[in-house]
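*Asks:* Going by UniProt numbering, the residue at position 66 of the sequence shown is 66; the numbering climbs one at a time, nothing skipped.
Read the hints as simulated data drawn from the structure, not as lab findings.
Label pairs and their calculated CB-CB ranges:
hint: 1; residue 1: F20; residue 2: G51; range: 15 to 21 angstroms
hint: 2; residue 1: V16; residue 2: G55; range: 20 to 26 angstroms
hint: 3; residue 1: G41; residue 2: V17; range: 17 to 23 angstroms
hint: 4; residue 1: K10; residue 2: G62; range: 39 to 45 angstroms
Virtual Cβ for every residue (Gly too), placed ideally from N, Cα, C.
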Amino acid sequence: MRIPGLGCLKGCLFTVVILFVAGWLIWELSPLQDWIGTGKGYWDQLTDWFGTVTGWIEDLGGPSEPTN
1 MRIPGLGCLK GCLFTVVILF VAGWLIWELS PLQDWIGTGK GYWDQLTDWF GTVTGWIEDL
61 GGPSEPTN
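Taking the hints into account, I'd like the entire structure generated from these sequences.
*Replies:* Structure (structure tokens):
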């Protein structure tokens, strides 16, 4: 049985997995950790960057409550 669109989905998911693995290998096997100087693992650093970016995007929206 053929599921329409599964080829594209597999390709996209495979690309995301390859990019994740490549990023992890670069993080672990290059001096990138020392250049950034955090000493964190790959997943810890990604979650920290994600939190920083989401905080920055929330700040772009301005204050959520009106100030008096």
